[in-house]
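Between the sequences and the hints, there should be enough to build the whole structure, so can you do that?
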Amino acid sequence: MKKKNDKDLRHTLGILVENQPGVLSRVAGLFSGRGFNIESLTVAETADPNISRITLVTIGDERIVEQIVKQLNKLINVIKVIDFTSTDFVNREMALIKVKADAETRAEVLRISDIFRGKVVDVSPHSYTIEVTGNEDKIGAIMNLLKQIGIIEVVRTGKAAISRGKK
Amino acid sequence: MKLTGAQIFFECLKKEDVKVIFGYPGGAVLDIYHEMRNHDIRHILVRHEQGATHMADGYARATGKVGVCLVTSGPGATNTVTGIATAYMDSIPIVVFTGQVPTPLIGNDAFQEVDIVGITRPCTKHNYLVKDVRDLARIIAEAFYLARSGRPGPVLVDLPKDVIQGETEFRYPKKLNLRGYKPNLEAHPKQIERAGKAILSAKRPVIYAGGGVISSSASSLLHELATMLQIPVTTTLMGLGGFPAVLEKDQGTQELHPLWLGMLGMHGTFRANMAVSNCDVLIAIGARFDDRVTGKLSEFAPKAKIIHVDVDPTSISKNVPVHIPIVGDCKDALKKFIEFFKSEKLGDIAKKRDSWLSRINEWKKTYPLAYEERNDVIKPQFVVEKIYELTRGKAIISTEVGQNQMWVAQYYHFTKPRTLLTSGGLGTMGYGFPAAIGAQVAFPDKIVFDVAGDGSIQMNIQEMTTAVTNNLPVKIAILNNSYLGMVRQWQELFYERNYCATCLSGSPDFVKLAEAYGAVGFRATKPDEVEPIIKKALETDKPVIMDFVVEPEEGVYPMVPAGKAITEMLLV
Ligand SMILES: Cc1ncc(C[n+]2csc(CCOP(=O)(O)OP(=O)(O)O)c2C)c(N)n1
Ligand SMILES: [Mg+2]
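Those protein sequences? They're chains U and C, same order as listed.
Each residue of the first sequence is one higher than the last, beginning at 1 in the working numbering.
Each residue of the second sequence is one higher than the last, beginning at 1 in the working numbering.
Incorrect hints may appear among the rest.
Said to hold, decoys possible - Listed next, the in silico DSS-like pairs over lysine-lysine satisfying Cα-Cα at most 27 Å (straight line):
1. K416(C) x K80(U)
2. K335(C) x K182(C)
3. K190(C) x K74(U)
4. K70(U) x K98(U)
5. K296(C) x K70(U)
6. K2(C) x K131(C)
7. K74(U) x K131(C)
8. K175(C) x K80(U)
9. K70(U) x K182(C)
10. K14(C) x K175(C)
11. K335(C) x K74(U)
12. K74(U) x K182(C)
13. K80(U) x K131(C)
14. K80(U) x K174(C)
15. K70(U) x K318(C)
16. K80(U) x K182(C)
17. K74(U) x K65(C)
18. K98(U) x K74(U)
19. K190(C) x K249(C)
Treat the hints as calculated values from the structure; they're not laboratory data.
From a predicted model like this one, the values you see are computed outputs, not experimental measurements.
If you want it as structure tokens, here you go:
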């Protein structure tokens, strides 16, 4: 169960790790073993193929997050940890949303998708699948609208985050 | 020239100056065992792989060097887990080599396959599965470096059979490239200065030292700092020996070091717990505010400004908020502290400290460590005192877990680092005896004692064969109370005296058991038999079991009930 102020306690972490087998399991195991939360987690190679980048969203007060960052840094394969919270950063996630779309609702689905700059990536006689990218609020908003029409399935990538370029 | 994986294994151990391996063979590591004949390295054949890990651990604690184990895949590997977790909790450098099924079979549920890297991930500092013989030398070099550097700990290296049989050029890396591992050893001078100033203005300072002081070989610096500023010192269980409980000149008297508070925490001394609870500056060095030390967190050192030196940043402010954190090696920090104070005007320190030290002395007089002396039954504390009297300053003492361990911590006065081997963090029954064997391997001429419980000793008694066949004359003193005494004590105090599953009647005759193994057994049932038996044991050049039949329902006091403030001690 989420507490009311979960959003305030949410921290987005960027974790640079050596691109080796088992590293993800070390990171995930650290969270489960020490009772920390994982809200979302994404991982992929960086421009340097020897390094992967994990974006992880966790929930905790300052003390817990400080401990999480220290524990992550302690892992031998972790090169760097950035806590984006209270810094200026861009975050995006992508969602694939399969919505009921019959003769009646099709136009409405398209309209909503357009408003959010979504793309229809698959069509069937009874459904549309929409690809949409944005921050949490945007994904939340489109999902709320589509829910009223009928969401069949949703797949979200989880957040990816990057700091803003220096001005 | 190309070498096989097995040859590379031994070349690497040579580079790391490994003199002894504790091991147990099996199919997956046969190539290594076959190659062993070509190398000048001692192999101690244990009787259970858990024993091997504790021996490597005891060897490491006693010497400060990295202990090494070699076991086979599957059950051999899983048998090491308790020993690895024990070393992990106490930050002990060991490297454990496990055999593994050939790489093409991994993941197939092959015979004696187990994912030991997955199993030990949370209880090793780091671990490796070697997938290519060309990585072998580098990985072994990294394993040793990781085990002994920074905050030390166990590292496991899993060796598939085909990797061991593979061939490649042998090159031992001179420089390691671990991008994500840069332990911060140097204490920041600014923080030292801040902490130094706080210490200078303290009226009631206390040093609380832990195992970090021992692993960084900083005990003489700790003593220098404490005497220079006349600051009383308490240590954790892991820190015992890191500060001399008795001064050299007072050996042979009953005098304790005037600054020595004894151990703190759940079974700490009255004066240590009172001093910490009333101090205005607490200097934590190489300790980690474990719950057995702090009791109720909100009431731990409530009046104190807390300074914390630790090489592991995760230890700082984990349980207790710290006012002045100092990340760094204890030795470096202590050196810098001493330099700092040398450049300051200290004034008449003795006078400045007078009232604080005399207050502590009052606590010491009101509630000294004590037990009721009897001449009809043996008190376990009496046995520990006798062992201390007869071996002081000369012996390495290991313990099992339970009351025996706490009585050693209270009544054996450690004066040197690396003379106490005990499982603090994990509390592993069965640790003491194999650890003692490991220490005896390192120091064949030293007196090595395992102070044991009648329960714990049965958890790794099979290693008696290892001791006998390798001429390792470890002395086991069983404080035989016919109970899982520490658990019984909790049942007595908190579970309506319902002694469910803690009575150990039916234990073997330990004297006969010793003899069956080819060791020597003695029994004492009366107090006046205690000293003669210890003397006889010390004169025996074989392993000895001394079965001290002690008061069955003796308790360990003081005791702070779990979750209570450390001032809320139950006293005798
Ligand atoms: C492997 C293991 N199992 C269980 C325990 C829980 N435990 C802690 S102390 C203790 C009793 C130990 O009995 P004994 O060795 O006779 O020592 P005593 O307390 O009687 O001195 C037990 C069962 C433990 N610490 N380790
Ligand atoms: Mg017992």
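The hints, checked one at a time:
no.	hint	result
1	K416(C) x K80(U)	40 Å, violated
2	K335(C) x K182(C)	21 Å, holds
3	K190(C) x K74(U)	24 Å, holds
4	K70(U) x K98(U)	40 Å, violated
5	K296(C) x K70(U)	24 Å, holds
6	K2(C) x K131(C)	18 Å, holds
7	K74(U) x K131(C)	24 Å, holds
8	K175(C) x K80(U)	21 Å, holds
9	K70(U) x K182(C)	13 Å, holds
10	K14(C) x K175(C)	17 Å, holds
11	K335(C) x K74(U)	25 Å, holds
12	K74(U) x K182(C)	9 Å, holds
13	K80(U) x K131(C)	26 Å, holds
14	K80(U) x K174(C)	25 Å, holds
15	K70(U) x K318(C)	10 Å, holds
16	K80(U) x K182(C)	11 Å, holds
17	K74(U) x K65(C)	22 Å, holds
18	K98(U) x K74(U)	41 Å, violated
19	K190(C) x K249(C)	38 Å, violated
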